[in-house]
Amino acid sequence: MSQQTPEIYSVELSGTKDIVKTDKGDGKKYRGLKNNCLERKKKNHKEEFQKELHLGLSSTRAAELLARDGPNSLTPPKQTPEIVKFLKQMVGGFSVLLWVGAFLCWMAFGIEYSSNKSASLNNVYLGSVLVLVVIFTGIFAYYQEAKSTNIMSSFKKMIPQQALVIRDSEKKSIPSEQLVVGDIVEVKGGDQIPADIRVLSSQGCRVDNSSLTGESEPQPRSSEFTHENPLETKNICFYSTTCLEGTITGMVINTGDRTIIGHIASLASGVGNEKTPIAIEIEHFVHIVAGVAVSIGILFFIIAVSMNYRVLDSIIFLIGIIVANVPEGLLATVTVTLSLTAKRMAKKNCLVKNLEAVETLGSTSIICSDKTGTLTQNRMTVAHLWFDNQIFVADTSENHSNQVFDQSSRTWASLSKIITLCNRAEFKPGQENVPIMKKAVIGDASETALLKFSEVILGDVMEIRKRNRKVAEIPFNSTNKFQLSIHETDDPHDKRFLMVMKGAPERILEKCSTIMINGEEHPLDESTAKAFHTAYMELGGLGERVLGFCHLYLPAHEFPETYKFDTDAMNFPTSNLCFVGLLSMIDPPRSTVPDAVTKCRSAGIKVIMVTGDHPITAKAIAKSVGIISANSETVEDIARRLSIAVEQVNKWDAKAAVVTGMELKDMSSEQVDEILANYQEIVFARTSPQQKLIIVEGCQRQDAVVAVTGDGVNDSPALKKADIGVAMGIAGSDAAKNAADMVLLDDNFASIVTGVEEGRLIFDNLKKTIAYTLTKNIAELCPFLIYIIVGLPLPIGTITILFIDLGTDIIPSIALAYEKAESDIMNRKPRHKKKDRLVNQPLAVYSYLHIGLMQALGAFLVYFTVYAQEGFLPRRLINLRVEWEKDYVNDLEDSYGQEWTRYQRAYLEWTGYTAFFVGILVQQIADLIIRKTRRNSIFQQGLFRNKVIWVGIASQIVIGLVLSYGLGSVTALSFTMLRAQYWFVAVPHAILIWVYDEVRKLFIRLYPGSWWDKNMYY
Amino acid sequence: WKEFVWNPRTHQFMGRTGTSWAFILLFYLVFYGFLTAMFTLTMWVMLQTVSDHTPKYQDRLATPGLMIRPKTENLDVIVNVSDTESWDQHVQKLNKFLEPYNDSIQAQKNDVCRPGRYYEQPDNGVLNYPKRACQFNRTQLGNCSGIGDPTHYGYSTGQPCVFIKMNRVINFYAGANQTMNVTCAGKRDEDAENLGNFVMFPANGNIDLMYFPYYGKKFHVNYTQPLVAVKFLNVTPNVEVNVECRINAANIATDDERDKFAG
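From first to last, the protein sequence lines are chains A and B. Per our numbering: the first sequence = residues 80 to 1097. Per our numbering: the second sequence = residues 3 to 265.
Just so you know, the hints here were simulated from the structure itself, not pulled from any lab data. Take the hints with a grain of salt, since some may be wrong.
Lysine-lysine pairs mimicking BS3-like chemistry, simulated, CA-CA at most 27 Å apart [what the hints assert, rightly or not]:
{"hint": "1", "chain 1": "A", "residue 1": "Lys914", "chain 2": "A", "residue 2": "Lys1080"}
{"hint": "2", "chain 1": "A", "residue 1": "Lys965", "chain 2": "B", "residue 2": "Lys189"}
{"hint": "3", "chain 1": "B", "residue 1": "Lys219", "chain 2": "B", "residue 2": "Lys73"}
{"hint": "4", "chain 1": "B", "residue 1": "Lys220", "chain 2": "B", "residue 2": "Lys58"}
{"hint": "5", "chain 1": "A", "residue 1": "Lys426", "chain 2": "A", "residue 2": "Lys267"}
{"hint": "6", "chain 1": "A", "residue 1": "Lys702", "chain 2": "A", "residue 2": "Lys730"}
{"hint": "7", "chain 1": "B", "residue 1": "Lys73", "chain 2": "B", "residue 2": "Lys220"}
{"hint": "8", "chain 1": "A", "residue 1": "Lys899", "chain 2": "A", "residue 2": "Lys426"}
{"hint": "9", "chain 1": "A", "residue 1": "Lys196", "chain 2": "B", "residue 2": "Lys220"}
{"hint": "10", "chain 1": "A", "residue 1": "Lys965", "chain 2": "B", "residue 2": "Lys98"}
{"hint": "11", "chain 1": "B", "residue 1": "Lys98", "chain 2": "B", "residue 2": "Lys167"}
{"hint": "12", "chain 1": "A", "residue 1": "Lys965", "chain 2": "B", "residue 2": "Lys167"}
{"hint": "13", "chain 1": "B", "residue 1": "Lys220", "chain 2": "A", "residue 2": "Lys426"}
{"hint": "14", "chain 1": "A", "residue 1": "Lys734", "chain 2": "A", "residue 2": "Lys744"}
{"hint": "15", "chain 1": "A", "residue 1": "Lys507", "chain 2": "A", "residue 2": "Lys545"}
{"hint": "16", "chain 1": "B", "residue 1": "Lys58", "chain 2": "B", "residue 2": "Lys233"}
{"hint": "17", "chain 1": "A", "residue 1": "Lys164", "chain 2": "A", "residue 2": "Lys313"}
{"hint": "18", "chain 1": "A", "residue 1": "Lys908", "chain 2": "A", "residue 2": "Lys354"}
{"hint": "19", "chain 1": "B", "residue 1": "Lys98", "chain 2": "B", "residue 2": "Lys58"}
{"hint": "20", "chain 1": "B", "residue 1": "Lys58", "chain 2": "A", "residue 2": "Lys965"}
{"hint": "21", "chain 1": "B", "residue 1": "Lys219", "chain 2": "A", "residue 2": "Lys965"}
{"hint": "22", "chain 1": "A", "residue 1": "Lys313", "chain 2": "A", "residue 2": "Lys250"}
{"hint": "23", "chain 1": "B", "residue 1": "Lys98", "chain 2": "A", "residue 2": "Lys196"}
{"hint": "24", "chain 1": "A", "residue 1": "Lys965", "chain 2": "B", "residue 2": "Lys111"}
{"hint": "25", "chain 1": "B", "residue 1": "Lys233", "chain 2": "B", "residue 2": "Lys189"}
{"hint": "26", "chain 1": "B", "residue 1": "Lys167", "chain 2": "B", "residue 2": "Lys189"}
{"hint": "27", "chain 1": "A", "residue 1": "Lys965", "chain 2": "A", "residue 2": "Lys678"}
With the hints as extra help, turn the sequences into a complete structure.
Right, dumping it as structure tokens:
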């Protein structure tokens, strides 16, 4: 990462370099490009240039360049080859141990075979079974992963784009991938810019650069060169941004990956992918289990060798111990569990690209959220009105359903007329049935807001405009800062013209001499001007964009009906108008967001707003959604309240902070850490994409798990860097979606909270699943240890163990994923990445040494019962192993003096396996039930609430029955038909397990924080 | 790491304080003590279901197995006539094996029974009444009895004796009231050629019904299994010969593919 960082900055800094680079690479003809660009205003080359403009490139030259530079498209981020992914699954996790086991098996057979040709094939079978298990689970995990990736790729939609290009002095429409450097393209409003282009000529062009720079305001574009930095200069348009209005003719200067956006996208793929917390947890868990398996294995290998067992036998013991210790089915179970949750989340509009990200969201402790679109509705909306010396609040909710302000005033009548008439925005045709707020509009954001506002209140705006025919109009421009139009009135007796005007409030006020209050014109005096300024400041302080409105009825005698208005000569008055009111607009927060932020708060998640927008706007939105809570103050607020200078305020008195990109620029990383650690409520405003990355890194230095939301290409490095990147499904660019781990299909912040909830639940449930799975490992391991040390006939075979791990236990452990939360999981702190492990010491100890041991005893009871009732009393079994396993001993005496042949003994041994298997199975049912909760009593949780658990139990029993009675005659599987009563021998132990666990939970609930709680709560 | 072993600030040894360790020790003492007690109790309950003199189930022993003496690794009896040591241990084993069959011991401990019928000894109301066994005298084995035999069961002359016995199974009425005998043959044709002639003691390899049923070692203390001795008269030397013996009895199946030693 440390190496990557400077490169990311270089995007901003080396923008001009890019052009230089292109120049160098482009050969003679284009060497002059930069100079051209810089000196163009001198118009030295104007004629030559004009020629080029008309001719364009020849198609042969274009083909050459295309061959050299490649198509004009972003290379998708490098994918890991499928085969590598597959092989990774094959050697990951426990697979290595099982491979070792398999090879040991074959080796053992090889050695045995070389000394004795009739060596039994058992070891070969076992080895093959182990390999099959590895391959099977590998394929399964691979399939699961591939499936979840596929959801994503089907989600991407590639729309082929066309570009209008001049080639061979003809206008042609070609797919934009075929553009090359030097092409002359024409772009009109609504089109996407097909490459990085330098503007040669433009007409009223504005582009939306928000996906690149985060600026939500449309940017004007013209042929003037205004800045050294290509991102700042006005004569360059960037690939993948949109031209909102006007037309441009421009020359392509960069294509494909060499465009600015291509740079950012490729940087994003350069940012290393951090391991997800759950991956770390699972690795940790695999290490624990593998450590236990290998150390016990080696310990007993040494013990076996020193007890004079043959080395070959000792190796076979080693394999048995490894197989018993490794929960073969667990990783597959985890994958299934995660994908089940992913599916559930997809239903709630969180599409998870990377399965492991499901849990990451749950451990998130900081969310760095974008403002526009995520927290807000991403459209300007009228929020406040000021007329009659009063501020009125407009409804900003998603559907504008109830506007409650006073509409009876005659001032409102005038104001609404101005709003309606002094507006160029129009609904696109053919949307009669679309709700007003969802209708598409031609026009800029504020005009759209006004149009929709008036349409909601007044009804058909187009009809009103028709009745008030427009006779003249001056559109808004940045020098005038106002917009004006002159209309006939809809009153047929009134022959006056109505002039309406809107614009920057201070400009409008300058032009007025009267003010309308309650429908009466009053002279504009000091006090009214003051009232205006108070209102203006107040609305501005809310971060809203304020517009002023005024009108004037032109006297009929001076301006008769036939009067010719000339907007260039301005042959009409533009001063001494009548001021009517103010209207302020804002991109309002989504209605669900404040609630979601509160939820995050109570869940201990810090929500930080990072936006490119203005600090005041950012703060206002932050306040309205609760990112800055109502009673907390920033340093500036305190300073204002106490009327002292900002510097005098003790920095740490404030709870909230608004930090701008400018301030951030001068801070060292220590200072950033300080801010992140000390303020509870932080808003970063005016930040650049690079600073977003700095903020994310700062958060990660605090050991936080950081979620970042974003939609623009510029966000993609931060999305990638974040522990979990959340892209917006609707507004998000493809680059952002590619870099993200999760996609919010509805762009709604509230969906993240749902995701957090699911993530936390799955973490808890995985704990239960793992505890459940680990428990039986002891019951599977003990037989081998007893077998080696005490010399009993082998109580359970390796194959039988595999049938438990991969057969009866699979569905129950998945069923635990459906368990409901025990308490309100959104009311506790996010887990600490390093302290709250998935598999912690109490979990391992409790599973292994408590329940596991009880289970082993229960299973041994069944085993001894079977042997005793067949004639071998427990005493006789001790140290019987050697005689028992000799193939030529066919008259082994039991406790009653009867003599057994080898095959008769083997059959009894298999019955023993089956008995032990059934013993474990019966107790695993109890284990499954107790694992439903970790703290609450089962009866609090409800025994029957999770139906899937019962499906799991049923599956366990059915599989057990099938193995024993269905496959009892297949010798290779070493199952036998077990007498029915043996199924019930372990039931007392199963009940004991349940009772014991209830007692444990009872004490945990009774004495929280006690020694018992610390050691018994996992 | 040193801090982990002994942390002087918190007085923690291996990450726990003394009290915590004490709690742990106490807990596991009590917990495992309880588990042991629980297991012992359930085992005891289970053992109550098992009787002392007959096993509860004998379903695995429907067919008794046949076994030979001398018992050797892989059941190959290798005899090198000139090398005393190669068969000396067989002889030692056989001597020991046949000792209880000495006529004197048999006469002292066991009854003379009526041949040709089962020697049933019902409890007659007395629970677990000790059972008597029938005599099987070593002399019945004729040339293979090894009494006053300078040839050491024929091993020194290359005419070895092998003893065949049937596995004991409690309450098993072998032969279902009909006479039964043991027959031997070479496994394959060439084995049969190499095997040559052999004689069996008692004649025809007969096993008498009077040795059945067996009542279990606890109450049938001096039970002596009936034996059949096979003396191979002219085995081809230096060739591995596979001999297969089977018992011909009405209720003993001898054709179990998986268990070659049954019957």
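Cross-check of the supplied hints:
1. Among the hinted pairs, lysine 914(A) with lysine 1080(A) is consistent with the structure: their alpha-carbon atoms are about 22 Å apart, no more than 27 Å.
2. Pair hint lysine 965(A) plus lysine 189(B) holds up; C-alpha atoms about 23 Å apart against a cutoff of 27 Å.
3. As the CA atoms of lysine 219(B) and lysine 73(B) are separated by approximately 21 Å, the hinted pair is consistent with the 27 Å bound.
4. Between lysine 220(B) and lysine 58(B), the direct Cα distance comes to roughly 15 Å. Compliance with the 27 Å bound is thereby established for this hinted pair.
5. Note on lysine 426(A) and lysine 267(A): the hinted pairing is violated, with a Cα-Cα distance of about 39 Å set against a maximum of 27 Å.
6. This hinted pair checks out: lysine 702(A) and lysine 730(A) have alpha carbons roughly 20 Å apart, not beyond 27 Å.
7. A threshold of 27 Å between alpha carbons decides the hint, and for lysine 73(B) with lysine 220(B) the separation of about 25 Å falls inside it, so the pair holds.
8. Taking the CA atoms of lysine 899(A) and lysine 426(A), the gap is near 18 Å; set against the 27 Å cutoff, the hint holds.
9. Proposed proximity of lysine 196(A) and lysine 220(B) is contradicted: the alpha carbons are some 42 Å apart, above 27 Å.
10. Using a Cα cut-off of 27 Å, the hinted pair lysine 965(A) and lysine 98(B) holds, with the two alpha carbons roughly 22 Å apart.
11. This hinted pair checks out: lysine 98(B) and lysine 167(B) have alpha carbons roughly 15 Å apart, not beyond 27 Å.
12. Restraint check: the Cα-Cα separation between lysine 965(A) and lysine 167(B) comes to about 19 Å, which is no more than 27 Å; the hinted pair holds.
13. As the CA atoms of lysine 220(B) and lysine 426(A) are separated by approximately 72 Å, the hinted pair breaks the 27 Å bound.
14. Distance hint between lysine 734(A) and lysine 744(A) is fulfilled; the C-alpha atoms sit about 22 Å from each other, no more than 27 Å.
15. Proximity of lysine 507(A) to lysine 545(A) is assessed by CA-CA distance (about 16 Å); at most 27 Å being required, the pair is judged to hold.
16. At roughly 39 Å between alpha-carbon atoms, lysine 58(B) and lysine 233(B) are farther apart than 27 Å, so this suggested pair is violated.
17. Proposed proximity of lysine 164(A) and lysine 313(A) is contradicted: the alpha carbons are some 46 Å apart, above 27 Å.
18. A hinted pair counts as satisfied when its Cα atoms are at most 27 Å apart, and lysine 908(A) with lysine 354(A) qualifies at roughly 22 Å.
19. Between lysine 98(B) and lysine 58(B) the alpha-carbon distance is near 33 Å, which puts this suggested pair outside the 27 Å criterion.
20. Only pairs whose Cα atoms come within 27 Å are accepted, and lysine 58(B) paired with lysine 965(A) is accepted, the gap being roughly 26 Å.
21. A threshold of 27 Å between alpha carbons decides the hint, and for lysine 219(B) with lysine 965(A) the separation of about 23 Å falls inside it, so the pair holds.
22. The hinted pair formed by lysine 313(A) and lysine 250(A) meets the criterion: a straight-line CA distance of about 25 Å does not exceed 27 Å.
23. For the given pair, lysine 98(B) sits about 34 Å from lysine 196(A) by alpha-carbon distance, which is inconsistent with the 27 Å threshold.
24. In summary, the hint linking lysine 965(A) to lysine 111(B) is not supported, as the alpha carbons are separated by about 33 Å, beyond the 27 Å threshold.
25. Straight-line distance between C-alpha atoms of lysine 233(B) and lysine 189(B) comes to about 17 Å, which keeps the hinted pair within the 27 Å bound.
26. Taken as a hint, the lysine 167(B) and lysine 189(B) pair is honoured in the structure, with Cα atoms around 19 Å apart against an allowance of 27 Å.
27. For a cut-off of 27 Å, the pair hint linking lysine 965(A) to lysine 678(A) is broken: about 68 Å separates their Cα positions.
Going through the hint list in order, the structure does not satisfy hints 5, 9, 13, 16, 17, 19, 23, 24, 27.
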